[in-house]
Amino acid sequence: MSLLLPLALILPLGLVLMWSVSAVRPLITLLTPWASLPALAASLWLPMGAEIEIPWLLLGAHFGLDSTGVPFLFSTALLWWLAGIYGLRYQAGDPHRDRFFFFYLLTMAGNLGLILAQDMLSFLLFFALMSLAAYGLVIHPGSQKARRAGRIYLSMVIIGETCLLSAVILLAAEMNTLSMHQASAVSSDPVILTLLLIGFGIKLGLLPLHFSLPPAYGATPTPGAAVLGGAMINAGLLGWLRFLPFGEMPLPSWSAGLMIAGLIAAFYGVLVGLTQREPKALLAYSSISQMGLITLGVGIGLMVPDQWPLVLTILTLFALHQALAKGTLFLGVGLARHSGGILARLILLFPALALAGAPFTSGAVAKSALKSLSPLAPEGDWLPGFLLASSVGTTLLMARFVYLTWPRNLKGHLPLGMWLPATVLLLAVDLVIWLWPGADQAAAASLKLAALKSGGWAVMLGIMLFVLGTFLCRQLRLGWFIPSGDILIPIEQLLGFLTRWVHGAIYQISQLQSQFFAIAQLLSQQWKLHITPARLEITMQRWRNFGILFLIIALALFGTLKI
Amino acid sequence: MLILLSSLVPGIIIFFLPQYAHTTRTALNMAAATFKLLLVAFLIWGVFHEQNYETQLPLLPEIDLLLRADTLSVLFVALSSVLWFFTTLYAVGYLENSPHRSRFFGFFSLCVSATVGLALAGNLLTFFIFYEMLTLSTYPLVIHRGTREALRAGKIYLGYTLTGGVLFLIGIAWLRILVGPLNFTQGGLLEHAPPVDPQTLTIIFGLLIAGVGVKAALVPLHGWLPQAMVAPAPVSALLHAVAVVKAGAFGIVRIVDNVFGIEFVAGLKLAAPLAWVASFTIIYGSVRALFQDDLKRRLAYSTVSQVSYIALGAAILNPVATIGAMAHLVHQGLMKITLFFCAGNLAETLGIHRISEMAGVGRRMPWTMAAFTLGALGMIGVPPLAGFISKWYLGNGAVLAGEDWVLVILALSSLLNAAYFLPILYIAWLKPQKKPWPEKISSSRLETPWMLLLPPLATVAMALAAGLLAHAPFSPAEWARLIAIREYRYPL
Numbered sequence: 017m018s019l020l021l022p023l024a025l026i027l028p029l030g031l032v033l034m035w036s037v038s039a040v041r042p043l044i045t046l047l048t049p050w051a052s053l054p055a056l057a058a059s060l061w062l063p064m065g066a067e068i069e070i071p072w073l074l075l076g077a078h079f080g081l082d083s084t085g086v087p088f089l090f091s092t093a094l095l096w097w098l099a100g101i102y103g104l105r106y107q108a109g110d111p112h113r114d115r116f117f118f119f120y121l122l123t124m125a126g127n128l129g130l131i132l133a134q135d136m137l138s139f140l141l142f143f144a145l146m147s148l149a150a151y152g153l154v155i156h157p158g159s160q161k162a163r164r165a166g167r168i169y170l171s172m173v174i175i176g177e178t179c180l181l182s183a184v185i186l187l188a189a190e191m192n193t194l195s196m197h198q199a200s201a202v203s204s205d206p207v208i209l210t211l212l213l214i215g216f217g218i219k220l221g222l223l224p225l226h227f228s229l230p231p232a233y234g235a236t237p238t239p240g241a242a243v244l245g246g247a248m249i250n251a252g253l254l255g256w257l258r259f260l261p262f263g264e265m266p267l268p269s270w271s272a273g274l275m276i277a278g279l280i281a282a283f284y285g286v287l288v289g290l291t292q293r294e295p296k297a298l299l300a301y302s303s304i305s306q307m308g309l310i311t312l313g314v315g316i317g318l319m320v321p322d323q324w325p326l327v328l329t330i331l332t333l334f335a336l337h338q339a340l341a342k343g344t345l346f347l348g349v350g351l352a353r354h355s356g357g358i359l360a361r362l363i364l365l366f367p368a369l370a371l372a373g374a375p376f377t378s379g380a381v382a383k384s385a386l387k388s389l390s391p392l393a394p395e396g397d398w399l400p401g402f403l404l405a406s407s408v409g410t411t412l413l414m415a416r417f418v419y420l421t422w423p424r425n426l427k428g429h430l431p432l433g434m435w436l437p438a439t440v441l442l443l444a445v446d447l448v449i450w451l452w453p454g455a456d457q458a459a460a461a462s463l464k465l466a467a468l469k470s471g472g473w474a475v476m477l478g479i480m481l482f483v484l485g486t487f488l489c490r491q492l493r494l495g496w497f498i499p500s501g502d503i504l505i506p507i508e509q510l511l512g513f514l515t516r517w518v519h520g521a522i523y524q525i526s527q528l529q530s531q532f533f534a535i536a537q538l539l540s541q542q543w544k545l546h547i548t549p550a551r552l553e554i555t556m557q558r559w560r561n562f563g564i565l566f567l568i569i570a571l572a573l574f575g576t577l578k579i
Numbered sequence: 068m069l070i071l072l073s074s075l076v077p078g079i080i081i082f083f084l085p086q087y088a089h090t091t092r093t094a095l096n097m098a099a100a101t102f103k104l105l106l107v108a109f110l111i112w113g114v115f116h117e118q119n120y121e122t123q124l125p126l127l128p129e130i131d132l133l134l135r136a137d138t139l140s141v142l143f144v145a146l147s148s149v150l151w152f153f154t155t156l157y158a159v160g161y162l163e164n165s166p167h168r169s170r171f172f173g174f175f176s177l178c179v180s181a182t183v184g185l186a187l188a189g190n191l192l193t194f195f196i197f198y199e200m201l202t203l204s205t206y207p208l209v210i211h212r213g214t215r216e217a218l219r220a221g222k223i224y225l226g227y228t229l230t231g232g233v234l235f236l237i238g239i240a241w242l243r244i245l246v247g248p249l250n251f252t253q254g255g256l257l258e259h260a261p262p263v264d265p266q267t268l269t270i271i272f273g274l275l276i277a278g279v280g281v282k283a284a285l286v287p288l289h290g291w292l293p294q295a296m297v298a299p300a301p302v303s304a305l306l307h308a309v310a311v312v313k314a315g316a317f318g319i320v321r322i323v324d325n326v327f328g329i330e331f332v333a334g335l336k337l338a339a340p341l342a343w344v345a346s347f348t349i350i351y352g353s354v355r356a357l358f359q360d361d362l363k364r365r366l367a368y369s370t371v372s373q374v375s376y377i378a379l380g381a382a383i384l385n386p387v388a389t390i391g392a393m394a395h396l397v398h399q400g401l402m403k404i405t406l407f408f409c410a411g412n413l414a415e416t417l418g419i420h421r422i423s424e425m426a427g428v429g430r431r432m433p434w435t436m437a438a439f440t441l442g443a444l445g446m447i448g449v450p451p452l453a454g455f456i457s458k459w460y461l462g463n464g465a466v467l468a469g470e471d472w473v474l475v476i477l478a479l480s481s482l483l484n485a486a487y488f489l490p491i492l493y494i495a496w497l498k499p500q501k502k503p504w505p506e507k508i509s510s511s512r513l514e515t516p517w518m519l520l521l522p523p524l525a526t527v528a529m530a531l532a533a534g535l536l537a538h539a540p541f542s543p544a545e546w547a548r549l550i551a552i553r554e555y556r557y558p559l
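As given, the protein sequences belong to chains A and B, one line each in that order. Position 525 of the first sequence, counted from 1, bears residue number 541 in our numbering, the numbering being contiguous throughout. Position 470 of the second sequence, counted from 1, bears residue number 537 in our numbering, the numbering being contiguous throughout.
In short, the hints are calculated from the structure, not lab data. In this text the structure is predicted, and so the values were computed from the model without any measurement. Yeah, the Cβ is synthetic: ideal placement off N, Cα and C, and Gly gets one too. You may find that some hints are simply not true.
Heads up, incomplete: computed chain A residues facing chain B, CB under 7 Å, no partners named [as the list claims (entries may be wrong)]:
| hint | residue |
| --- | --- |
| 1 | M64 |
| 2 | I68 |
| 3 | W72 |
| 4 | L75 |
| 5 | G76 |
| 6 | L140 |
| 7 | L141 |
| 8 | S182 |
| 9 | I185 |
| 10 | L186 |
In silico contact screen, one side only, chain A against chain B (beta carbon under 8 Å); selected entries [stated by the list, open to error]:
| hint | residue |
| --- | --- |
| 11 | L73 |
| 12 | A144 |
| 13 | L170 |
| 14 | Q457 |
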């Protein structure tokens, strides 16, 4: 048992190292999904508080299992495992499958490691490993589109990393420790908070920073997109949970800001998502909207420090549900594209309903858990109404998604390696939430008649709206389309302009040097500087001049003598 | 001191060896390098256990040639001898069958002995002597190719460094007249010296820093460095990683810490201008690097930027930042030498000099490019590579010293580093190959002769280890901490 924790860390990294021997690469590819099993086992059976310390690693590394990390570890490891098995089959015809799984392995190592990390430096290390390695997943198709998505993704990663590094340096200097338990208990320094919000916000799609996600999800092959949208997005949330000063002091202005960002994101994601034509990009917008709900919860948590443990449980529950459901949907996209069939329909429909919060699904539990936050929020009576509206919105978005991906062909034959993992994940989506310790209250609340009714109504309303909307668009021949990444387009144009401008400025500077010399040359030509010394010499050589000079010197000397 | 002789003697012998005595020369070189490594290992052990090593030779009346091993000098000696070992190996492979190898290796050894002497120098004058020796012995290396471009670069190099040397000498002479013998002492020699007019001291500080700043390529004085990259790859590697540029940075650390002393510098308010110059250099170098297409030239501007981290760390006047500076002295050396080795490999094996020609090179030379990738990521400061640890200490020290603006500089420089390194990686790994590669030179299975491949792999492994095992005993960062504890009496 005690070996489980080190094994969970070392196994993926060890396989990465072995990849340098080209002969064993196919074998490693086959082993890749299973490398996440130790982590999964650790999340289930290892006692809370298990830890290892490696003092010589980095500046003293510290890994362990804590109550915040366990749900994240569970959902992450499960997703990596199932999506990996699925991917083996999905990518079977891909000549570069080994390369894909190399980056898959690296990203997985980072993702699992950062959940286990208990000191800030190891967290940063694994976070960076995950973010950078995922670049390899995004650009895997090699198309122009994928490369563009990769470039945007990588730029945002680098910006995020820089923010995080600065934030952590400031935190460490202020706290004089690297351990995260004490560190998060701190600092409400606005600079640190801003840096943390940006650094992790890029990962979880906080509203104005969300634009790298949709193109990236759209480009990544489905197994990669499943882990990106299910597991990695939660890494950003975990970062917030670990570093932000929860449960210490109320931070009303920050809280209000986050709540507003969350509120806007919840609807913005739906609205822009509806115009998407690529199902994976649409799912990305759905993630942005769901993460908006979580951001809202985080904002409430910052407002009421004494209720933080409750808020944390609810947020974790919601994140768990979101991760598993979203992962299943991504896998479903692949299934529908591969051949379709009745099972594929089921795998698309069911998690879509769950995400929308239909009665008896995990979504209903998660939503009613969120609803229980309403006494905590300022003037919280708007919260149930808002959640209802968001449910309608999500349903609308999911209806559009199902419409986009719906497999027409029912006879298609799905390979075992693909439908089995997807089905297991589908079962996990519901069972896990119902069985999760700490979810019982919410589960009971979601079974009350009122909750069932409102959930049912929201879904019905959403579907009706969708049908109506589709009908209207058909009739009016309206075709809305916002390129994935929405505000990215103006940003790119602005940056392009700036680059040209800076380039021009720099060019001017580099020309400055030669101009500088040119001025000197000009001057010397004007005044014939280069012959001046010679002239001076000639002047001095004339006897008369020399005599006067001599006289002056003599007088000067004489003057000094007298004094 | 034996260490000094261990590269000086072979250097002199090599001059007299005929061109065709290839085996003897290689054997002699490698034996000397290995011998030196052993000696340095012994020295590290000794200094760790606080033994004193000192040699004193009378040079002029009242002026001694003083060599002494303290923790700081050991750090630099260790760096230069380890990298010398690999660079020698690399140079043997690189210059195979090229003319004037005796001349090259002779000066090469001289250059390293000068570096070691400079590291071990116990007073300013000894430092100056080796400093000038370094200038003169690298000149033939820079112009080794003998082309017009090389000669021109050599002229610029000499012009810059000799001017710097003159300034430095004036500073030394002035200080010597004012305060007497100039032995490096812990906490600064001015602490116990007779009081001197602060204005004079400020001028002397300016002179000395300008003198060493030429080699450290601080911004208005950096013009020679991008020119000097016409030198053969092993020379550029050594020039950028240890010998010349680092000698300047090392000089700055020495002057700030052991001549003037932290308190004195703080009292005279001399640190802030130095920090500003260093910060400006960091940003300026990065921005210039962005617009270079020549691979070595881009790396050269990157050096301009990275070496100033050391000056910045020394100027922050906080022990933690000093750890960062010392650690970066080693870390930057390891990473930059890797990058130059790789650039040399590309040039030698495939004839690639420009970044735009690098498309698809990752497939042809995966090992070289893997080393390059790690080195570049380290420069950006991605954990767990060495560059991350230096940035960590620098940033931490800056915050502790209350100089929060340094963080902005560090962050900006990280972004710029990413902006000029990542496109290289992108082109090398992901762009399809444009034209067929030239025929393979060697018949071996490897992508390039092992002598060219092993050194970058070894140095990048060390850079990785230096970051990953930063807290292990005898890692550069840990040794830097020892320096801070011993020299600045700082409890950590």
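Here is how each hint holds up against the structure:
1. M64: Violated: closest Cβ of chain B sits about 27 Å from M64(A), beyond 7 Å.
2. I68: violated (15 Å)
3. W72: Because about 4 Å separates W72(A) from the closest Cβ in chain B, which is inside the 7 Å limit, the hint holds.
4. L75: holds (5 Å)
5. G76: holds (5 Å)
6. L140: Nearest chain B Cβ about 5 Å off; hint holds.
7. L141: L141(A) check passes; min Cβ-Cβ to chain B is 4 Å, inside 7 Å.
8. S182: holds (5 Å)
9. I185: holds (4 Å)
10. L186: At 6 Å from the nearest chain B Cβ, L186(A) passes the 7 Å test, so the hint holds.
11. L73: Hint on L73(A): holds, closest Cβ of chain B at ~7 Å, below 8 Å.
12. A144: holds (5 Å)
13. L170: Holds - the Cβ of L170(A) comes within 8 Å of chain B, reaching about 7 Å at its closest.
14. Q457: violated (40 Å)
Checked against the numbered hints above, the structure violates hints 1, 2, 14; every other hint is satisfied.
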